[in-house]
Every structure is written in structure tokens, then in C-alpha cells.
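Mapping of the sequence shown onto this note's numbering: residues 12 to 237, in sequence order.
Read the hints as simulated data drawn from the structure, not as lab findings. Check each hint, because a few of them may be wrong.
Claimed, not checked - Each computed DSSO-like pair below joins lysine-lysine, with the alpha-carbon atoms no more than 27 Å apart:
id: 1; residue 1: K63; residue 2: K172
id: 2; residue 1: K63; residue 2: K14
id: 3; residue 1: K175; residue 2: K145
id: 4; residue 1: K145; residue 2: K127
id: 5; residue 1: K110; residue 2: K88
id: 6; residue 1: K172; residue 2: K145
id: 7; residue 1: K54; residue 2: K14
id: 8; residue 1: K54; residue 2: K172
id: 9; residue 1: K54; residue 2: K175
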Amino acid sequence: YWKRWWETTSDPFDISLSPAAIDMYRTYGLLPIGDTVRAGTWKYHWDLETKKRWYGPFGGPDSEIGWAIYIADLRRKMMELERAVHDYSVPLTLRYPPKPSGEQVVPIINSIINDKRASYQVNVLNFGSIPGVKDDIAVEMPAEIDGRGVHRRSFPQLPSKILKYAIMPRIMRAEWSISAFMEGGRDHLFEWLIVDRRTNSISQVDQVIDAIVRMPENGEMAKHFK
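Make a model of the complete structure from these sequences and hints.
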């Protein structure tokens, strides 16, 4: 499968059954889906060659190659939209027929306003749905939505490795972000960067922080993290 996939794939986001996804399944006990496949440890992300080994010929969507393709595709679509808007000879509804796009926002509104119960992937506070995760942590989960609101499902206990090596570290990073946002201060940014595996010196940390807060558009950020 992987040999054929490697030779035929044309999309950096085509990584659902990549070697990385299967390796995560073997390591943690559940198959990652969606953007979860893009995560993992530095084992999958040391450099471009490592990314190619795990995510295919483009190195996945987050490599230098994959992200460049993504940005180029966005530019192409924006140019197409701009041309369509200024071409009065063809109605926009012919170019872009008014049909569901697959995005959930409008269907969710319909379920709430018109009490049409349906299942969606939503981001909600956990409130006991996933054992081992605190109630006030926002999680993405399938849930039923109707006129009475969101109806969470109950899920079985996650494998220990997923909780300890994937979920809890993410929760801790979220706690760091909240503390930094609420309290301010340069020390929060320093502590975040000093544990990043790409950091090789204290001066590098200071240079990164200075480069970000000195951007003209980041004036408020510079004051907050002074």
C-alpha cells in the first residue's frame, strides 16, 4: 500500500494512513484521525528527510514543501475568486452552485434553530465525557445537537499512553498559554521556548522573543510580555 501511495499521492494532506499514522497506532493503541496525524513527537519531525519517511514524498502538510504547496493553492483559489467577482458575464451561482460545502456551521445553526437533531464534530468543555480529562478542558468530540443544545456522549477510558504522552502534555501547554495571557511577563515566553527541542541557547530564546514583540503589529503584545 505505502509503495503505491508514495508513487501516486499528490496531496501533502493525504496522510491518514501514512507510516506515521500506523506507527502512532502501534505506539499508543488507537488510530489517530484528522489533524492528530500531523502531531506526534519529534520522532516524526526532526527534519525534512524524517518527515518524508513518515509522511510521504512531500513530508506532510507541515514541511517546507507541503506548506509551500498549501500556500500556493490558497493563492490560486483567491485569484480565481477575484476573477470570478469581476467577471460580470457569468453569474457567481453558476461558478459556485449554492449547495452544502460540507462545513458544519450552517447545519449546526439549522439544528439549533429548527430543532433538527444531528451528529457533529464539535469543540465543547469535557464535563466528564472523556475519563481522565478535567471537566473544564475543551475537547473535540462527536455530539448530538438539537434545539435544546449540545448532547455530549460518554466515551471509554483512553489508553494510558495516550493520556500520559499525548493528552496531558497538550493540557499543560494550554495551561501555560492561559497563564501567559492572563499574567503577562516575558518570563512566560522564556519558559515556553527554553523547553522546545529546537532551542539551543538562551540567547536564541531572547532573539526569538525580541523578533516577535518588535513587529509593528505586536505593540500590545510587547507591553503585555514586557
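These are the hints, each one checked on the structure:
Pair hint K63 plus K172 holds up; C-alpha atoms about 25 Å apart against a cutoff of 27 Å. In summary, the hint linking K63 to K14 is supported, as the alpha carbons are separated by about 13 Å, within the 27 Å threshold. Between K175 and K145 the CA atoms are separated by roughly 14 Å; this keeps the pair inside 27 Å, and the hint holds. Taken as a hint, the K145 and K127 pair is broken in the structure, with Cα atoms around 30 Å apart against an allowance of 27 Å.
A hinted pair counts as satisfied when its Cα atoms are at most 27 Å apart, and K110 with K88 qualifies at roughly 18 Å. Proximity of K172 to K145 is assessed by CA-CA distance (about 17 Å); at most 27 Å being required, the pair is judged to hold. For the proposed pair K54 and K14, the alpha carbon gap of about 21 Å is at most 27 Å, so the pair holds. Pair hint K54 plus K172 holds up; C-alpha atoms about 16 Å apart against a cutoff of 27 Å.
For the hint pairing K54 with K175, the CA-to-CA distance comes to about 17 Å; that is within 27 Å, so the pair holds.
Hint compliance for this structure: hint 4 is the single one not met.
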